[in-house]
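Enquirer: Based on the sequences and whatever the hints tell you, model everything.
Chains as they are written, first to last, in my numbering: chain V, 12 to 274; chain U, 653 to 982.
Derived by calculation from the structure, the hints in this document are not laboratory data. None of these values were measured; they are calculated from a predicted model. Be a bit skeptical, because a hint or two may be false.
Stated by the list, open to error - Quick list of the computed label-pair ranges, beta carbon to beta carbon:
(1) V:ASP270 / U:TYR848: 39 to 45 Å
(2) V:ASP227 / U:SER827: 46 to 52 Å
(3) U:ASP835 / V:GLU244: 45 to 51 Å
(4) V:GLY122 / U:ALA724: 29 to 35 Å
(5) V:THR167 / U:GLU901: 31 to 37 Å
(6) V:SER253 / U:VAL845: 38 to 44 Å
(7) V:THR35 / U:GLY688: 28 to 34 Å
As the list claims (entries may be wrong) - Lysine-lysine pairs mimicking BS3-like chemistry, simulated, CA-CA at most 27 Å apart:
(8) V:LYS266 / U:LYS955
(9) V:LYS100 / V:LYS216
(10) U:LYS794 / U:LYS919
(11) U:LYS794 / V:LYS80
(12) V:LYS100 / V:LYS34
(13) U:LYS794 / V:LYS34
(14) V:LYS266 / U:LYS798
(15) U:LYS798 / V:LYS38
(16) V:LYS38 / U:LYS974
(17) U:LYS885 / V:LYS266
(18) U:LYS947 / V:LYS266
(19) U:LYS974 / V:LYS266
(20) U:LYS955 / V:LYS272
(21) V:LYS34 / U:LYS955
(22) V:LYS269 / U:LYS967
(23) U:LYS841 / V:LYS13
Quick reminder that beta carbons are idealized off the backbone N, C-alpha and C, glycines included.
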Amino acid sequence: MKIITCIRPVPDPASRLVINESKTWIKDHDLSMVANEADNYALEEALRLKEKHGGEVIAISLGRASDAKLLRAAVAMGADRAIHLVDDKFRNTDEFAVADALAKAIHLDGGADVVLTGVQSDDLGSGATGVMLAELLGWAHATVVIAVDAEPEKGTLTVKRELEGGMAETAELPTPAVLTIQYGINQPRYASLKGIMAAKRKEFKVWNAAEIGWTDSDGSGRLTEIREIHIPEKKSQVEIISGTPEEAVTTLVEKLRKDAKVI
Amino acid sequence: MILALIEHSGGHAGNRITSNTNELLSFAQRIGRDSGIPVAAVVFGFNTSGLVEELKSRKLDRIIAVDDPELAEYSPDAYAFALKSLASAEPPYLVATMHSARGIDFMPRVAASLRHPFVGGCIDVERIGERLLLTRQIFNAKMNMKVEPRSGSPVFVTVSSGAFPGDNVELAETSAIETRPVDFSGLMKRRNVIAYSEAAKGQVDLSSAPIIVSGGRGLRQKENFTLIFDLAKALNAAVGASRPVVDAEWLPREYQIGSSGQTVAPKLYVAVGISGAVQHLVGIQGARCIVAINKDADAPIFKVARYGIVDDLFKVVPALTKLLNDLKSV
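Expert: Structure, rendered in structure tokens:
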């Protein structure tokens, strides 16, 4: 099986995010980027599929040249090669533009049997990119996947999807397909020293927008415009209830009944 | 037209509209009021008359039903096919559905297919003249982003749970009901459901629980979680937990509330011994009233709480449970 797994660079969760002057994004020039958390689960799932069924795992990422380290880490973990999409034109792309660039790059690489993404990103977080990618590739898809089983000779995948209310759905779909992988589906591995050494010899392609045929002027760029980023006002209106525990809970229950009217 | 595609439980759990339908309709009604554009609720399904009947009491300009055996079970292929067919017959101004496991599964496909804008997880909306600005959360709810669709109508939107209270829905008798035939002959159903199951046995549906009592690391050990279960029983509430509790295996994963667990929107959320990491707060921002019980007055949970008790939970929680039980027996 040819398995492609997508890695989105996102700011390190420990870093302080500052909004830029035009209020259209954060100041991310000096920010250290890490792999989007959900994408780590997708990478691990890709490696497990390969271990079970053979084939190759390709890690793909769209971002700045300095984010190449995330792809190198993926290759050290066991991916066979990497594709890095780097172009100034990719800055501040929306979900559609990212999906469009990924679709074009995947097409250029000769397609795949399965493409995996994390269920959502820690920056935009809409969970839409993988679904759009499936549409642009013309493939089947499944979202919020919590288990994957492949039958490569039949060309099918059996997936379990998480639904609301503690329900899950088992579904079958044909390959090629895009799956968005839920947090916690597996326990991502660490790169071994051997893996880190081997990574240096693996193929690392860098493609720009023109090379994959992605252009911003023919309507394949963003479909939404960011007008403003702001930090939501957290109106801290907490009413601290004092007294002994018995007094405090009596006041609390009174307020929950008469003021908040929630019990 | 503004199309609000409602969700229902169709197929496996009886045919009822889901509890978040009023949230979706209150979003659609708000844009309708601001723009003067008529609002239609759209039902996809098979044997939809019961669903249409349920919707009739909401103030709508139209109810549109697409009633077809192909829509008896949810299928992303069939939903995308039907929605594309509706959107091309009479291009709407905006198409909305909830930002749910279902909504996020098919809406981006339709938007990408038509190369129309998609805004996922909308929490606010404003019209400035003819312009439409939609607000959504980014960076795990640390920031909000206002976006404007770049190209023309329709724009496809998924609406975040808890952002548009269902209580705000306007009620009135709707009589304009229309059944729209869709020719499904070109439909390819690629993904097919084999079975439904419970992801975890015995789990309460936290996403629709009206009251939730949730415990965190402050409980110190697994055995102390009985305090949470006792309080939940006294309140007729469901039980939830923060991530550290689940990681420590005090409770199974399905109890976890937060960005990597469940998103909840109860009317009352009691957070016990939970400090309020951002990942947890993301999951409870739909809660109407949050009560925080925590020893640490600086815990971030107090920033989002309406009522707080800064004290030892091991004293406060038993007192609260006892009081509630006493009141019950009166």
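Enquirer: Could you check the structure against the hints above and give me the numbers of any it violates, in ascending order?
Expert: 6, 14 and 16
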